[in-house]
Each structure stands twice: as structure tokens, then as C-alpha cells.
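Trainee: Sequence:
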Amino acid sequence: MSRRPVAVAASLLTVLALGTVSACSGNSGSSAKSGGSGGTPTVKLMAGGLDKQIYLPYELAQQLGFYKKYGVNVELSSEQDGGVGAEDAMASGQVDMSGAWYQHTIDFQVKGKAVEDVVQLSGAPGEREMCTTKSGVKSAADFKGKTLGVTDLGSGTDTLTQFLAAQKHVKTKAFNRIAVGAGSTAVAALQNGKAACVMTTQPTVAAIEKKGVGASAIDLATTQGAKAAMGGAWPAASVIARTDWVNSHKDAVQRVVNALVATMHWISTHSATDIANKLPQSYVQNQLVTKADYIKALTEDKGQFLPDGIMPAGGPKTVLATEIQVGHATSSVKLGPTFTNEFALKANKTEGFTTTTTPAGADG
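FYI, the numbering for the sequence shown is -23 to -1, 1 to 341, going by mature numbering (1 follows the signal peptide of the UniProt record, and there is no 0).
I should point out that these hints are in silico values taken from the structure, not numbers from a laboratory. It cannot be assumed that every hint is accurate.
DSBU-like, lysine-lysine: derived pairs with alpha carbons at most 30 Å apart [said to hold, decoys possible]:
#1 Lys45 x Lys145
#2 Lys171 x Lys148
#3 Lys187 x Lys121
#4 Lys255 x Lys294
#5 Lys115 x Lys90
#6 Lys45 x Lys188
#7 Lys90 x Lys323
#8 Lys227 x Lys294
#9 Lys45 x Lys111
#10 Lys46 x Lys121
#11 Lys273 x Lys115
#12 Lys171 x Lys121
#13 Lys255 x Lys273
#14 Lys323 x Lys45
#15 Lys294 x Lys46
#16 Lys268 x Lys46
#17 Lys145 x Lys255
#18 Lys204 x Lys273
#19 Lys204 x Lys187
#20 Lys188 x Lys171
#21 Lys268 x Lys188
#22 Lys268 x Lys187
#23 Lys323 x Lys255
#24 Lys88 x Lys111
#25 Lys115 x Lys150
#26 Lys111 x Lys227
#27 Lys279 x Lys326
#28 Lys145 x Lys123
#29 Lys150 x Lys171
#30 Lys46 x Lys279
#31 Lys188 x Lys255
#32 Lys115 x Lys279
#33 Lys294 x Lys279
#34 Lys279 x Lys268
#35 Lys227 x Lys46
#36 Lys294 x Lys204
#37 Lys115 x Lys227
#38 Lys204 x Lys46
#39 Lys90 x Lys123
#40 Lys227 x Lys88
Please read these numbers as outputs of a predicted model, since none were measured by experiment.
Throw the hints in and build the complete structure from the sequences for me.
Mentor: Structure representation (C-alpha cells):
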């Protein structure tokens, strides 16, 4: 299934190459090889847009030095607009891990592929349905007859849009869905009347509000908002990998998870300003938003992040219910193989972190 974002195929800007960012091409099946002195494993991780707030933990862990601290060299990259989606790059072996939404593990199981979530970063999609004033859209019940923008057709935002409509008994054929990407292209879709609404994330949300071209009609950006709209926590941003790769690279996986769990605890104990100050300048300040805009937006939506990297109880069931309602899956899906809390629980225990998330059981 192609990508979004989440939650999300195009990034706010064409992602700038950083010294730590590698190209997404490369062979890979077992790139978690020893590299450099001390046999430090190298892991390739592609995300659905490193500069998006929903995916900030991957780069933040790099900037905090946590990958290095926990003994793993993580080569980060972003999927490119029109290119291979992060989760598909992982499934094909171009990269080892994908920074993507949990729902993809269910999608892959439906296709007969074993992919699992090894650490859960958010309990909400981090998205908002941004609509123009003249659209008259106040809830999904108003979708009928409208053209709605999603990151890409088949993406997580596409699934969520269809689900929200189904909840209000609005059939998919009653409205149009178009791919608008994120950032400037999503803003332009509203400005030019191409779409009545777009489902997008920060900092695109802040840019839309700042330009006065739209406002939030539906909040899926925080755990509380997701529970109200989706009926429960809706785990989104995560790290997913092929199950066969996970089983043959458990040490490397544990190191990556250790670094990200430490990052999630750091996020939970620091302000949006602290976080923004650690990220690359191009992520927090550009032609669409100022740093102040970015910090304000992150302050509002920081509640999407889980503090301990643990898949929350009930989360997988809520996501599966979404997939079933829009016809992407059936009740025959086995949730147990789609995620594991093994690595996150071990990371928290080893570091002596206090956990607050109730872990999902084998049935989600």
C-alpha cells in the first residue's frame, strides 16, 4: 500500500539531504552489518517524510546522539514524491526498516507478507481534516459531494478519510478523493479550490491556518482526538520491518528500539521549544512556517506521542476495525504477528524508565 502520512507521500519540502541521510537506493536485505570499529551494526531506515512532526522522533534520535549511544549506525532517508513508499522500500529489501504507520503491517498480512511493528511512537495519526470556510464541512457527514485531498491514493490519510465518511454513513462513491501530497501542494489545493478539504499533518496544518485558507474540522492529531473520532487510540507512527529480518537481526533491532524509546522519554520530558531547537533548521523554519509557528503547532499536537514506545492495549484492534470498515481487511487478520512489545519493554526495563502505556496483548 502506498504511503502517506500517515500521515503522507510528499514532505513539506523536498527533503534536504543531511550528512546522516543516505540515499534510499542501495541493496539491502541485510544491511545491518558490522561497519566501522567495534562492529557497530548499520541499519537503513526510510521514513515517510523526516521533516513532518509525526515522524520527528527518527531524526531527533540522531540529533540527540542516541543511535550512537546505543551502538547502532542508522542511515536515515525520506521517501520522495512520486517514488517508492517507505514501507514498500522496506518490504522489497531496499532498506531494513520503515518509519511508517502501524496499519501497513495489517495491509502486508492481507497480501501474504509478514511485517511487524517493533516500536510504537504515537497513539494517534497526528492528522487534521483541514477545510476551507466556504466548503461548509464541519464533520465527515458533510463529505458528500466534496473533493477531498489525501496525501496519496491508498495512503493512510486515504484510509482514514474513507473511515470517517463510513462512520457518518457517507459512501465512498459519494465524494471524490485526490492526491495532494503535503506542504505547499496541500496548501495550494485549498487555495486554488482543487479540494474542499485536505487531511494533513503539522507543520502543513500551521501553514494553512497562517494563510487563512482553511481550519481544522476533524482532529486526529492527538490521542484524545483520535479516541473521540476513532473510538480508541489509533497507533500510527512506528518502526516496521520484515519479520524474517527482525528474527535474524534481533541485536540491531534492540539497539534501534533502545535509541527510540530513549527519544520518546526525552520528548515527554521536554518542551516543544526544546525539541525544535534540536531539529535541523530546515525542518522547523521554511517558506511556509516560522520557527514560532512550528513550536506552537508542536505544543498543540505533542500529545500524539507515546512516552515509552509501547503498543497500547486496544490500539491494534481499533486500527483493524478501521481497515475492515473500509474494505481493506477482514476479521481473519491475526493481530499477534503484526506487532511486538518485546523490544520496547526490554528497552524500558534496561534503562529503568517508568512506563505509563498499558501494553497490548497478543490479540491487540
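Trainee: Between Lys45 and Lys111, does the CA-CA distance stay at or below 30 Å?
Mentor: violated, 50 Å
Trainee: Does Lys171 lie within 30 Å of Lys150 when you go C-alpha to C-alpha?
Mentor: holds, 18 Å
Trainee: Holds or violated: are the alpha carbons of Lys145 and Lys255 at most 30 Å from each other?
Mentor: Cα-Cα ~41 Å, so violated.
Trainee: Would the pair Lys227 and Lys294 pass a check requiring their Cα atoms to be no farther apart than 30 Å?
Mentor: Cα-Cα ~26 Å, so holds.
Trainee: Assess, step by step, whether the Cα of Lys227 is no farther than 30 Å from the Cα of Lys46, and give holds or violated.
Mentor: Within the cut-off at roughly 18 Å; holds.
Trainee: Does the structure keep Lys255 and Lys294 at a Cα separation of 30 Å or less?
Mentor: violated, 35 Å
Trainee: Given the hinted pair Lys188 and Lys255, is their Cα-Cα distance within 30 Å?
Mentor: holds, 27 Å
Trainee: Verify the proposed pairing of Lys268 with Lys188, using a straight-line Cα cut of 30 Å.
Mentor: holds, 16 Å
Trainee: Would the pair Lys115 and Lys90 pass a check requiring their Cα atoms to be no farther apart than 30 Å?
Mentor: violated, 39 Å
Trainee: Would you mind confirming whether the straight-line C-alpha gap from Lys227 to Lys88 stays at or under 30 Å?
Mentor: holds, 25 Å
Trainee: Does Lys145 sit within 30 Å of Lys45, going by the straight-line distance between their CA atoms?
Mentor: Status violated; Cα separation ~48 Å.
Trainee: Would the pair Lys171 and Lys148 pass a check requiring their Cα atoms to be no farther apart than 30 Å?
Mentor: holds, 21 Å
Of the numbered hints listed earlier, those contradicted by the structure are 1, 4, 5, 6, 9, 10, 15, 17, 24, 26, 37, 38, 39.
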